[in-house]
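Chemist: Residue numbers (our numbering), protein chains in the order written: chain A, -13 to 434; chain B, -13 to 434; chain C, 222 to 717; chain D, 222 to 717.
In short, the hints are calculated from the structure, not lab data.
In silico DSSO-like cross-links for lysine-lysine, where the CA-CA straight-line distance does not exceed 30 Å:
{"hint": "1", "chain 1": "C", "residue 1": "K518", "chain 2": "A", "residue 2": "K47"}
{"hint": "2", "chain 1": "A", "residue 1": "K387", "chain 2": "C", "residue 2": "K518"}
{"hint": "3", "chain 1": "A", "residue 1": "K43", "chain 2": "A", "residue 2": "K30"}
{"hint": "4", "chain 1": "B", "residue 1": "K43", "chain 2": "A", "residue 2": "K47"}
{"hint": "5", "chain 1": "B", "residue 1": "K30", "chain 2": "D", "residue 2": "K329"}
{"hint": "6", "chain 1": "B", "residue 1": "K387", "chain 2": "A", "residue 2": "K387"}
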Amino acid sequence: MRYLPLTDTDRADMLQRIGVAAIDDLFVDIPEDVRLKDLVDLPKAAGEMSVERQMSKMAAKNVAAGSVPFFVGAGAYRHHVPATVDHLIQRSEFLTAYTPYQPEISQGTLQTLFEFQTQVAGLTGMDVANASMYDGSTATAEAVLMAHRLTRRKKAVLSGGLHPQYREVVRNLSDMAGDDLVCLAPDPAGTEAILDEIDNDTSCVVVQTPSFYGQLTDLTAIAEKAHAHKALLIAVVTEIVSLGALQPPGAMGADIVVAEGQSIGNSLNFGGPYVGLFATRQNFVRQMPGRLAGLTTDAEGRRGYVLTLSTREQHIRREKATSNICTNSGLCALAFTIHMTLLGAAGLKRLAMLNHQSAVKLADALAGVPGVEVLNESFFNEFTIRTPKPASDVIEALAEKDVLGGVPVSRLEPDDDDLANLIVVAATEINSDDDRQAYAEALTEVLA
Amino acid sequence: MRYLPLTDTDRADMLQRIGVAAIDDLFVDIPEDVRLKDLVDLPKAAGEMSVERQMSKMAAKNVAAGSVPFFVGAGAYRHHVPATVDHLIQRSEFLTAYTPYQPEISQGTLQTLFEFQTQVAGLTGMDVANASMYDGSTATAEAVLMAHRLTRRKKAVLSGGLHPQYREVVRNLSDMAGDDLVCLAPDPAGTEAILDEIDNDTSCVVVQTPSFYGQLTDLTAIAEKAHAHKALLIAVVTEIVSLGALQPPGAMGADIVVAEGQSIGNSLNFGGPYVGLFATRQNFVRQMPGRLAGLTTDAEGRRGYVLTLSTREQHIRREKATSNICTNSGLCALAFTIHMTLLGAAGLKRLAMLNHQSAVKLADALAGVPGVEVLNESFFNEFTIRTPKPASDVIEALAEKDVLGGVPVSRLEPDDDDLANLIVVAATEINSDDDRQAYAEALTEVLA
Amino acid sequence: IEEPVIFDVGTAEATGVDLPEPDSAVTSRLGGLERSEPLDLPGLAEPEAMRHYVRLSQKNYAIDMGLYPLGSCTMKHNPRLNEKMARLPGFADVHPLQPVSTVPGALKLIAECARWLCVSTGMEAVAMSPKAGAHGELCGMMAIKAAHAAHGEDRSIVLVPESAHGTNPATAALLGYKVVAIPARKDGTVDPAAVIERLSDDVAGIMLTNPNTCGLFERDIVEIAKAVHEAGAYFYCDGANLNAILGKARPGDLGVDCMHINLHKTFSTPHGGGGPGAGPVVLSERLSAFAPLPYVKMTADGPELIETLGDAEADGQKPFGRMTAFHGQMGMFVRAMTYMLSHGADGLRQASEDAVLNANYVRAGLQDVMSLPFGERPYMHEVLFDDSFLDDTGVSTLDFAKAMIDEGFHPMTMYFPLVVHGAMLIEPTESESKASLDLFVATLRDLVMRAKRGEVDRFKGAPWYAPRRRLDETAAARHPVLKWTPPEPQAADAAE
Amino acid sequence: IEEPVIFDVGTAEATGVDLPEPDSAVTSRLGGLERSEPLDLPGLAEPEAMRHYVRLSQKNYAIDMGLYPLGSCTMKHNPRLNEKMARLPGFADVHPLQPVSTVPGALKLIAECARWLCVSTGMEAVAMSPKAGAHGELCGMMAIKAAHAAHGEDRSIVLVPESAHGTNPATAALLGYKVVAIPARKDGTVDPAAVIERLSDDVAGIMLTNPNTCGLFERDIVEIAKAVHEAGAYFYCDGANLNAILGKARPGDLGVDCMHINLHKTFSTPHGGGGPGAGPVVLSERLSAFAPLPYVKMTADGPELIETLGDAEADGQKPFGRMTAFHGQMGMFVRAMTYMLSHGADGLRQASEDAVLNANYVRAGLQDVMSLPFGERPYMHEVLFDDSFLDDTGVSTLDFAKAMIDEGFHPMTMYFPLVVHGAMLIEPTESESKASLDLFVATLRDLVMRAKRGEVDRFKGAPWYAPRRRLDETAAARHPVLKWTPPEPQAADAAE
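Same shape as in the complex, but just chain A (with noise of 0.2 Å):
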């Protein structure tokens, strides 16, 4: 097996050097009546040839965003990634390294996640960021639990634009810790009155921007609201690329913003692995959850990282620690750094604003195809249309045309018959004005 150096000889005398007579002998503490003598119902060592065809064979079945016309986004963006990022985050030192606990041999790593927290900051308008998390629904989930411990309350107010999977994650989560929850009604045009919703209960108000549904709110008013009562405001973002153009959460008053990083550096990989952003304010540091590189000096006064309050975490507090999480999304987060290294301001800022343009653009496009309404005023690269027919159909219809139309919104509110005929929808630079079009001329046929 290529995989396994030891040869069979190798393996004959490691056995007389350790002194038993078999390799069983090893496990002589597995009782004997449940060792297994054979994995069965599972096939033998394939050459790389071989399993290459068969994992080809799955992928070939899937229609690949790139391959056509494609607006679906809802919490995964497709964008373009420099070739040089995939090239850097598969070099080996990076790629096959583990946690850098050994800081003196691991300052790759740490500097980049140095640099990665200070970007991250940078960008939400917070003081400090930390490593990164799973992704942006569990870093919500993560903020709430920060919330309580810091307001020492367990009732979060959770915004009706909040992505309806983001929502499921902190509700059960809420749900199995026994903490309370508000969770206000789906609201696509972003009318809710959530600030009816604070109260000296209130833990926390969590509030997507851009709502799942593209529609842009200022947060202002729920941040003032929300600190009059002692409550924090969490921001969730899910398309960071929108901080290229928009006020970020920090300047709106967020005490904690969590966002989906995976636009920035990393594919749509069907959901998984992403990267959770997390920052929130200098005096809130120490409650927050993940891991943290921090500025030091070496024995020679040489500036230097490492990991750094970890007595927040579960290895040295166990029980009491802020999170029972104890990785990152390193590779991801190192994909998101150099991307972002790459665009710099200037760089996203035009990413930014072509994303925009590409959305205007199809709004406009879809706008006009009989019996389809918009209904966000403002938006950033999403919005969502209400079509005369059944969402689910309408997407099923567009996708047998090689049209990806977007996401209907009863696929995750299946149980609001007023959303039936929403669909979510996203655009960004990969867009063409042909795309657009097609996508325009495929509903208009649909629907007609």
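Use these hints to put chains B, C and D onto chain A, whose structure you have.
Modeler: Coordinates of chains B, C and D only, in the frame set by chain A:
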């Protein structure tokens, strides 16, 4: 422009430091009437996404070998290359290094070349090998020149089993250099009387094994006759995998062995870049063209490698050099040596047997097609068939059925009507039973 | 050469991407929320960015450079075939919410990966979505909580051995459980009597690692499982060390109810400097109904994606909820699947055997000079030493580990598990050749001799030959500097 | 850590590939030529192979690590987009002899690449097939020879300036020409009078590098070309330095008849530790008919591949023959095309300007402490110093270069061109930032000061901080060891 780090501010500062007013003040030596204002007729700079689309569009118009039953060989072969090979050759330290003229900071390149040379010498059964040539065809021409230098004769005898394009490359250089050349007629079945052509004017005899047509021949008699006349035997191998199963030319008396190394570690690449292998006897080393890595020690007595015997080369000897070649096919040689190291003797032997068996099965399958005759009794992974129709028509018709069935000899030998119905067919480990069956069925239909 | 931070060298104008000019004819619809302050993030042209990250990478140690004997972390070879497969457009360029009719291959991949995990562990079902090992722990314990709730029970205690990974108590605490510790036996394993003593109808479950963090197989595990089940509780097994027994024993046969699987440890997905991982949780028949959303169901018509409560209930399931948006770490499933297909049943078993063989070979090579807290007995995939062999040398476990860096090795896991003093946990994995282990053993023996000969300074000052000398972690934690800030003059301005 | 050679660690049994068992039912048809002696090549399992090559790579310097100021070699940034495009299956997985009907995109690529090369150099045609720069030189000189032959002439002399690359005289000699040297003017350029003096009806052509190897543009080139043409000879231009003038001047306008283009120098295909390169040759109208086979012709119906003499003659061409099997360095064409599309006309021009700007910036930064043999005049893309600034220091050019290694830089080109004593030829390329050049200049200034201060030992012993100290090249050449041989005891056996 993403590849140009200077900003306009930098440029202005630098011009000032240099002491000129404008960039064109540095171009004053170009006569003003031929100085360009702009490159017309070519498009402007394009972003990565745009370039990727343009290139992908061109690529998509070609039928990739991996997408169809594929039996094309004739000097380039499709084998499975482990993913590790391509990963490693893309490491910055290998990919973006120059010729190792500064050995102290080039030990990576130099040691791999030293290992490569050892592998090539071992495979071919020769004493020494160089650090690679452009490809098999140019290596063949260089071998002939080397033989001329060694024998101080000017007449080369080329077997009719030599790849026609190799023959043309040798012929071109011979013509241009004013040397003599005897080219035997195309010899599909290996029946030519080459011994009769060897005389006391002969510098070298050039024989391909397996021949262009797939035929296997024992070179021993040719070597004996050549040596009896103080001529040299140059053995040419276009399918290097064959040496996993076959007697190496060195064991059959060859004085120089040249080969195309593409089969190990390298893709088809529509014909290039490939990697020429070049091996010879110890006493001929100072007349061998091309680079050589040699062992030495450093100032602390540690083992190390350098480019050596460069006094043969053009940068020292100028018009007296062994060749005008001043490069090798470094990265392709690296791919070769990595793949060869992964294979090892055991892997190469097995790979060779799988290739041979694939060809035997294919020969039997095609021999069963009405009207088809297999011309070679012994072969490695390639053989020649005769069909009742013109080969070029047959191959086109097969292509329309999505079978790439080999090379019509007439494509390379258009002037010989006897060859018009011959097809050179290759089978490798990539071909499955399904592939072979598809070929036989398609051929049956085409010939019906 | 010192590598500057991007903030020292980049500027907000510079960029390493070329994008078309925005269309001036398009009117923005940003609702007045345009960014008001310019973003101050540096950009670098592509050549500079390339060098920055290449040079930084060269300051890292990695598996591809040498032995990485981190006990319990399982740093094994990461095949590049896995990376290649994960980048096939049909896997990498597929959106989690594009129509299910356009992703049958992706669903098939998840289903196949799930099948391999179930079959090889002898379990009924698997929750694929957890994002990492700790997330899988959370998922497993949620399934247990959901199961108790479904039976109308509200149990408050979880039993956790002292040797457990810190995530175990942290996970239990996160769900509101009270953690009761089980002390280790003298031989490093859990005493069934100690478990039975603590079992009650208020105990929700036990969290056990097997093989445990001392590298030992819990030989009374079947008895413990039986007792746990009889008390109406569930048996959570931390699967961090599954790589020692794959193909040799199935957790399902041991009485395990749920177990997370770290795909990066057992199935070679890359550690990537700290993630991403993936933590699918295999579930016994008793718990399988509670698996979270979403999941892929194999039907005669092919794989079917169940992502809503309604569909799950129609399928007879009672999912406790959702662990994450979308479907889990697809990219890791692809890599793990590639690894599993490559090894096959025979290769997986051989890998476990080689891992155990390698660990015991290291034990045999070092047991006379280092100290084995539990004696010279067979270990599984990792071997635990304590620091008593360093008594009176003045060299600490930390010093010893840092000195290994100077010899070209990554240190082993230190000070874990907590059950012994100055723990050194060595896991070579199956990826090491005999020659590699021989060099490692010889090097460690040499270091031990040096420590015993009194070369204390060499150890205290180590590492000497790394990109950095020993770093001051205390100072970093006391005054955390977590991001770059402009140098002083500008800092003064910004502070106004 | 010393990296062993594979022959020390691998065995003939070990392998890093898994292949199916050969089919025992198949009878071999190898005609009795089966290998009789077992092949003795070592194999390594994949993890070991990975480490071997990763560790070896870490002993290399590379552009991706820092400035690589090798004059005349043009070590510029290699975009990874080029690598990605070259690996598209439609380019990488296409056979040179598969039916032409199945490769219209590949032919289009060659035709497009050819078009860009012709347009940007102002030439009529291009021979795409030469495999490298020196091969392109050969091709160009063959075209000249063929043209003379077509006119019934058999000229025997080629003029080559002293400053030429060694390949120029080697190429001419290979074709049987007698090489006549043209001395350089005091200012480093070619004197038209010296050329005219040597022209005769026996002169086949002149081989000139422009910009020349001193980094200077041959300002009398138009006059020289005119004289050459009037003598019935052809003007071969060595295109190694095309990267200095692309978009600023077109060789066609200068009177050039043929010029090879090193795609790796001007169009950023990777140097790969010494190749592969690619050396397409652009040809003037006077030579275009003689371009070798094969070539791609653009027709209204798309690209057409001409690969036989018959087809070429039908096309009105008189190809002199064939340079190589197949169609040339396709993989390099793809990379160069990607680079050209990325830069566009404006970017190519800007790159030349930046290359020249950077070289002159280095000149300005060093001219007061190092010595410029041709004075403080504008250079093109590279600047030539000589060693007179080291007079009386006891430090040689070689020492100085090796000391640069200790400062983290690759040395410049040394002892070339031959026209000055102790030449040091520095070419920073357009890929360097101002900050990078500032650091380089400061470092060199510091080294100069140290040399002048008499720190000779530091230089003589350099490099101190490289993977190897100075290597004994003389010993290597005196007793060449070109391959690994088994250690002594076995060697004794084998020698029997």
